[in-house]
Amino acid sequence: MSEIFNILLVQNTLRTATPVVLCALGCLMTDQVGIMNIGVDGMMLMGAFFAVLGSYLFGSWVMGLVFVTVLGVLLGYFYYVFSIKFKSDEFIIGVALNILAGGLTVFLLRTLFGVKGSFSGPGIVPLPTITIPWLENVPVLGPILSGNTLLVYASWILVLVCWLFLYKTPLGFHLRASGEAPEALRASGKSPERMKRLASVLCGILASLSGAHLSLGYLTMFSENMSASRGFVAVACVIFGGSNPPRVFLAALLFGFIDALGMRLQKYIPSDLTSMAPYVVTVVMMVAVVLLKRRKQAARAKLSAETRY
Amino acid sequence: MNTGFLQSLRALIALRPKQKLTAQYLLSLLIAVTLAFLVGAGIMLLCGYDPLTCYAAMFKGALGKPRAFGNTLAKTVTLCLTGLAMSLAAKAGIFNVGGEGQLFLGGLAAAVVGARMDGAPGWLIVLCSLLAAMAAGGAYAWVPGMLKVKLKVNEVVTTILLNSAAIYFCSYMANGPLKTAERGIASGTDSIASYAEFTPLIRLSNLTTGIFYAAGITFLIWYLMTRSTTGFEMKITGTNSRFARYGGIRADRLALWGMTLSGMICGVVGLLEVFGIHHRFLTTISSEFYFDGMLVAMIMRYQPLGVILMSFFFAILNIGGSAMELTAGISSEVMLIVQSVIIFFMAAEGGISEMARARAAARRVRRAARRAEKEAAA
Numbered sequence: 001m002s003e004i005f006n007i008l009l010v011q012n013t014l015r016t017a018t019p020v021v022l023c024a025l026g027c028l029m030t031d032q033v034g035i036m037n038i039g040v041d042g043m044m045l046m047g048a049f050f051a052v053l054g055s056y057l058f059g060s061w062v063m064g065l066v067f068v069t070v071l072g073v074l075l076g077y078f079y080y081v082f083s084i085k086f087k088s089d090e091f092i093i094g095v096a097l098n099i100l101a102g103g104l105t106v107f108l109l110r111t112l113f114g115v116k117g118s119f120s121g122p123g124i125v126p127l128p129t130i131t132i133p134w135l136e137n138v139p140v141l142g143p144i145l146s147g148n149t150l151l152v153y154a155s156w157i158l159v160l161v162c163w164l165f166l167y168k169t170p171l172g173f174h175l176r177a178s179g180e181a182p183e184a185l186r187a188s189g190k191s192p193e194r195m196k197r198l199a200s201v202l203c204g205i206l207a208s209l210s211g212a213h214l215s216l217g218y219l220t221m222f223s224e225n226m227s228a229s230r231g232f233v234a235v236a237c238v239i240f241g242g243s244n245p246p247r248v249f250l251a252a253l254l255f256g257f258i259d260a261l262g263m264r265l266q267k268y269i270p271s272d273l274t275s276m277a278p279y280v281v282t283v284v285m286m287v288a289v290v291l292l293k294r295r296k297q298a299a300r301a302k303l304s305a306e307t308r309y
Numbered sequence: 310m311n312t313g314f315l316q317s318l319r320a321l322i323a324l325r326p327k328q329k330l331t332a333q334y335l336l337s338l339l340i341a342v343t344l345a346f347l348v349g350a351g352i353m354l355l356c357g358y359d360p361l362t363c364y365a366a367m368f369k370g371a372l373g374k375p376r377a378f379g380n381t382l383a384k385t386v387t388l389c390l391t392g393l394a395m396s397l398a399a400k401a402g403i404f405n406v407g408g409e410g411q412l413f414l415g416g417l418a419a420a421v422v423g424a425r426m427d428g429a430p431g432w433l434i435v436l437c438s439l440l441a442a443m444a445a446g447g448a449y450a451w452v453p454g455m456l457k458v459k460l461k462v463n464e465v466v467t468t469i470l471l472n473s474a475a476i477y478f479c480s481y482m483a484n485g486p487l488k489t490a491e492r493g494i495a496s497g498t499d500s501i502a503s504y505a506e507f508t509p510l511i512r513l514s515n516l517t518t519g520i521f522y523a524a525g526i527t528f529l530i531w532y533l534m535t536r537s538t539t540g541f542e543m544k545i546t547g548t549n550s551r552f553a554r555y556g557g558i559r560a561d562r563l564a565l566w567g568m569t570l571s572g573m574i575c576g577v578v579g580l581l582e583v584f585g586i587h588h589r590f591l592t593t594i595s596s597e598f599y600f601d602g603m604l605v606a607m608i609m610r611y612q613p614l615g616v617i618l619m620s621f622f623f624a625i626l627n628i629g630g631s632a633m634e635l636t637a638g639i640s641s642e643v644m645l646i647v648q649s650v651i652i653f654f655m656a657a658e659g660g661i662s663e664m665a666r667a668r669a670a671a672r673r674v675r676r677a678a679r680r681a682e683k684e685a686a687a
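Going down the list, the protein sequences come from chains A and B. Its first residue numbered 1, the first sequence is counted upward by one per residue in the numbering used here. Its first residue numbered 310, the second sequence is counted upward by one per residue in the numbering used here.
Some clues are possibly wrong.
[Claimed, not checked] Computed beta-carbon distance windows for the label pairs:
# : chain 1 : residue 1 : chain 2 : residue 2 : range
1 : B       : 459       : A       : 58        : 50 to 56 angstroms
2 : A       : 115       : B       : 359       : 50 to 56 angstroms
3 : B       : 344       : A       : 112       : 41 to 47 angstroms
4 : B       : 673       : A       : 128       : 55 to 61 angstroms
5 : A       : 58        : B       : 664       : 38 to 44 angstroms
6 : B       : 359       : A       : 173       : 53 to 59 angstroms
7 : A       : 171       : B       : 662       : 32 to 38 angstroms
8 : B       : 459       : A       : 5         : 34 to 40 angstroms
[Claimed, not checked] Which residues of chain A face chain B? A partial, calculated answer using Cβ under 10 angstroms:
#  : residue
9  : 100
10 : 111
11 : 144
12 : 277
13 : 287
[Stated by the list, open to error] Cut-off 30 angstroms, straight-line C-alpha distance, at most; resulting in silico cross-link-like pairs (DSBU-like, lysine-lysine):
#  : chain 1 : residue 1 : chain 2 : residue 2
14 : A       : 168       : A       : 85
15 : B       : 459       : A       : 267
16 : A       : 87        : B       : 544
17 : B       : 459       : B       : 544
18 : B       : 461       : A       : 293
Quick caveat, the hints were computed from the structure, so don't treat them as lab data. Positions of the beta carbon are idealized from the N, C-alpha and C atoms, including for glycine.
From just these sequences and the hints, can you work out the full model?
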């Protein structure tokens, strides 16, 4: 038992959850303005590729992140133009984006690097790991909280920042209003379209960053289709967490835990089955959240029926 | 006035546009395809290839030889069936994005039945495998359908997640309990009874007698969707569920059936791959075939006839793309990019033409105003 349930499991949980956390933060931005962006999976995949490209070309991880951020802005804007400005079906655009990502990354992989399958090499500079000096030697907490890569910490901070932004700033308020009551927002002299554009661009940046963590964070390589439906798991986490950053974070952690646990169980259970687990658990989670909500509603209805007279 | 009546009137008006393939839509499609090919040509030029040679290689590779033509037709069948599966569900008001998983499970079920029944008459094997494939695919679609109908769980997300789950499950079965004892097969099940295999119609090509089964199914779906009462109900539910409920159509049941039937068709696609090409279940029987078909369905707005015709075009892009990679040297993924460009433009078609119209109207107003000004000055 202690071979499986130890500190390493917690570490792995945090690491595997990170891309899902970042991607889900992006996805919830668009969810708040009333768009369900299932193209985040493709954004993640492209982010993973361009992070490697930037890092490889310039020999620095900073350039990798710069590449990813620029890509994220472009993708977010692209998504905005097609889904809001041209009023296309957001679902179709999302699917098309995923297909474009699959095609484009493999095409670029073959034409730029001349390899099939995956690209790795000493030229790719990974993201730095950050050790927190005073925390490092604390037992239990030290190995968990110290020595993670940059984007792991960034994702934690971003959860807080996104929550503050959405619920404590006027801009965040307007952004949420553009999804819930666009007409009210328009009546108050603000443009819902601009808010949706902002949300799309933020979504693009965050989802692309999640890809950077995949290819420069815990692995230093790009391989075809390396996002492996994690973007969809992120979408499920957003639904599960009701688009609230801290709750979505917890959902993503749960996913990370199952994923990490599966990896450690591969000694005892065939790897295909352990790989299957996170997806099944996510579906079960989605069902559970509906059932819980129902029960709450039923209880409330019962209460109100009792107190009416 | 009676609000119910007003509502239904509004619903009828809302029902009218968008779902039909109008002449204008087909024209936009032509433009989108041309634009997409131009984008593809731009990419080829950037990478130092000659677009004309590449495209020539593509068409020649897809249609040039009988064998290539057979492969293109076989691909058309796959695209057409998966596209129709998507259309059937979408028309019933539910999205089945999980066809890939249903296809894998259907293929696995067909392969297991096909192998275990060795010794039985050929037609019985095919029939039983067909039933098994449909049951597996249908059941796997029924679950998310039920979740959607009863609990309102988003079916797009669940079906996508179930895809991954099914593919890993099949991989586990093909590597574990059902792994063949034969040598040289990396991850696959036992081969099916050899006399039950579909025979190739064109030598060395993937085109087999399975195409007759596919044609039968295609006809059934076409009939169901366009000529039957259920089809009409689906059409109304898919376009406007409130109006459908007003008309006494049980939308939930329809959606569930649409989903289940869609899954059954995907299961049959898996069977066709197993019985026609690989003669056993392999973990490589499909590489996102369902998603290709789904795109065709989306582009053609879930119209059965349109899907059938468009499948052929996309099959050319698909089969030709690989040939292009071999002869012209450019990576075949460029065709994926071309395909996604077509989809982007077709999805945005309504919005773009609306914007163009609005802009033209604004220009007309401005011109009229200027003219009025001039006249006033004179």
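Status of each hint after checking the structure:
| no. | hint | verdict |
| --- | --- | --- |
| 1 | B/459 with A/58: 50 to 56 angstroms | holds, 53 angstroms |
| 2 | A/115 with B/359: 50 to 56 angstroms | violated, 24 angstroms |
| 3 | B/344 with A/112: 41 to 47 angstroms | violated, 25 angstroms |
| 4 | B/673 with A/128: 55 to 61 angstroms | holds, 60 angstroms |
| 5 | A/58 with B/664: 38 to 44 angstroms | holds, 39 angstroms |
| 6 | B/359 with A/173: 53 to 59 angstroms | holds, 55 angstroms |
| 7 | A/171 with B/662: 32 to 38 angstroms | holds, 34 angstroms |
| 8 | B/459 with A/5: 34 to 40 angstroms | holds, 36 angstroms |
| 9 | 100 | holds, 4 angstroms |
| 10 | 111 | holds, 5 angstroms |
| 11 | 144 | violated, 28 angstroms |
| 12 | 277 | holds, 9 angstroms |
| 13 | 287 | holds, 6 angstroms |
| 14 | A/168 with A/85 | holds, 28 angstroms |
| 15 | B/459 with A/267 | violated, 39 angstroms |
| 16 | A/87 with B/544 | holds, 22 angstroms |
| 17 | B/459 with B/544 | holds, 21 angstroms |
| 18 | B/461 with A/293 | holds, 12 angstroms |
Of the numbered hints listed earlier, those contradicted by the structure are 2, 3, 11 and 15.
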